[in-house]
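> Residue numbers (our numbering), protein chains in the order written: chain A, 1 to 344; chain B, 1 to 255.
No lab work stands behind these hints: they were computed from the structure.
Backbone N, C-alpha and C define an ideal beta-carbon position, used for all residues, glycine too.
Each hint should be verified, as a subset may be incorrect.
Said to hold, decoys possible - Residues from chain B that keep clear of chain A, each with C-beta distances beyond 10 Å, as calculated:
1. L47
2. A55
3. R249
Claimed, not checked - Just some of the chain B residues that point at chain A, by a computed CB distance under 7 Å:
4. R40
5. F77
6. F118
7. Q153
8. L156
9. V165
10. F168
11. A191
12. F197
13. T208
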Amino acid sequence: MHMGNELLTLPVAGALFAGAAGGLGYASAKARKGLDEKKVPLLGVLGAFVFAAQMVNFPVLPGTSGHFVGATLLAVVLGPHAAALGMAAIVIVQCLVFQDGGLLALGANLVNMALVGPYVAHAIFSAISGGGRDVSRARFYAASFLAALGSVLAGAILVPIEVSVSGVSAAPFLFFLGVMAGVHAVIGAAEGAITFAVLAALARLRPDLVPVLRDERRGAPLGAALASVLAAAALVGGFLSLAASELPDGLDSTLERLEVLKPAGEEPARSAADAAERIGEKIAIFPDYSRPGGGWYWTTVSGILGAALVLGVASAAARALRTGRPRADAASAGGRPDPPPGPA
Amino acid sequence: MHHASIDRYASLESPVHRLDARAKLVAVLVCTAAAVSEPRHEVAGLLPYLVPPAALILASGVPVSFILKRLLVISPFALSVAALNPIFETWPVRVGLGPWETTVRAGWVTGGSILLKFLVSALALLLLATTTRLSRLAGAMSSLGVPRALAMQVALLYRFVFLVVDEFGRAHRAASARAVGSKGLAPAAAAALAGLFARALRRAERVTQAMTARGFDGSFAGASAARLRAADVLFVAAALALSAGLRLRGLWLEG
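So that you can see chain A by itself, here it is in the shape it has in the complex (with noise of 0.2 Å):
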């Protein structure tokens, strides 16, 4: 979710660079507070762990891939101050040294990854969780995962409203946001399925880092599990149909064009265009892909449906093209051998 200059015009991007230099002055302020001047080094190599954990991508949809954020992890681990400077060190490491996102855009990318993420991860997992030591499993999986779907979507959810201000694109807001957080809601269940397991992992390993569960069974509790993927497939499907409700339609936007091309004198082709549509409104049973009287309900169905065959087709695919595919950066991680070792 990188935002790019491009899109962004200058009073956007400076009010945001604004923004991340106030929001990373108070981190850094209170980070300092709780955390010991001299446990810097700890931020550094847990920021080095996320960062490398990041490198490693899976794909969402074709030509889009998502990779584990961490926001949630380290706000759980360390709270969200530290957790928000050490996500801001890597979201700047990224854009110097990848190129992710732009220099200008930096202000932008800070806000709503390195700000925005630890912050509302914090606050939805101590929420659920109650701050104890001694939390249930259930309880304890819908905090990870809750946090980490809403801090991943509430980060997905600014572009296109910062895009929007800046009106630099021309997709309207409602289709851009429709297809962010439909995304970024795949990306962010897969998060949460991930940041629950390293922390109940974690749980047993380190339990001075990590609030202590009450049982030792191990995995998802399975009911949990199923209402969790269910309730992402529905906010997919109801993001995508929101964003399939804006794109106009390619024999409309046909018409729109010639209505537009002719001069105002040639009636002809406008009532031709006039006729079209009003045939077409006969014989359509369900015009723009809605029940006449059905109203949003039956677009969120096929949303629904839609965004189901899209992603079954899109992991086959990705199933299919995994096999032999060069990795994108010199720098993944791991799958290359060390070379052997020199002479020490």
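Assemble chain B onto chain A, guided by the hints.
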């Protein structure tokens, strides 16, 4: 993993590499801001902005093939958003190139403008990234007003990412050595991730102790500001003048 695989060209020798990190950071920011502030239908006026970063990259000796590969890797977001404009802005506009004139969808013009703005800012950022070491950039950020705690995080993150990536690689190799050819099971992968996290944490605690033992008190020694040379000042002045000139020319042509 050798750290040179992340920023392998930053340690080359060239006049561009020798420029001060602060000077380059400011110049890239100014150039990007000027290009981005061009109106959303500007196409031809954006082309001159491509010349200075492209020329400096050629002068720096960084391989052009590497730059092109990076551009390809980071372009999908800009490409897909630019491709939306022709879908939503369907009314026709007249465009002219010398004696030729034709009518196209307005979206092609504004979409092309988005792509050119992406190219300008990506080239400028690539110039900065491939000719400046990240430790220098962290120092530059600190002396340009970024909170010290954050600049230190950037430097430390960069210092440790190689070690952690190596640990990921070792865990991956160990796993594949024990389970030949099988796709990783999700629960096992999550447990491995948690194990790696705990291991990174232990390493962090050891590093903290070692740094404290050597007298680390939270101050940032790497940020000692070198003096700006005449070449650095000249470079920033040229970047400012060029960006302002290009932008004012656009404003003047608009009337």
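> Indicate, hint by hint, whether the structure satisfies it.
Outcome of the hint check:
no.: 1; hint: L47; in the structure: holds (15 Å)
no.: 2; hint: A55; in the structure: holds (19 Å)
no.: 3; hint: R249; in the structure: holds (17 Å)
no.: 4; hint: R40; in the structure: holds (5 Å)
no.: 5; hint: F77; in the structure: holds (6 Å)
no.: 6; hint: F118; in the structure: holds (4 Å)
no.: 7; hint: Q153; in the structure: holds (4 Å)
no.: 8; hint: L156; in the structure: holds (3 Å)
no.: 9; hint: V165; in the structure: holds (5 Å)
no.: 10; hint: F168; in the structure: holds (4 Å)
no.: 11; hint: A191; in the structure: holds (5 Å)
no.: 12; hint: F197; in the structure: holds (6 Å)
no.: 13; hint: T208; in the structure: holds (5 Å)
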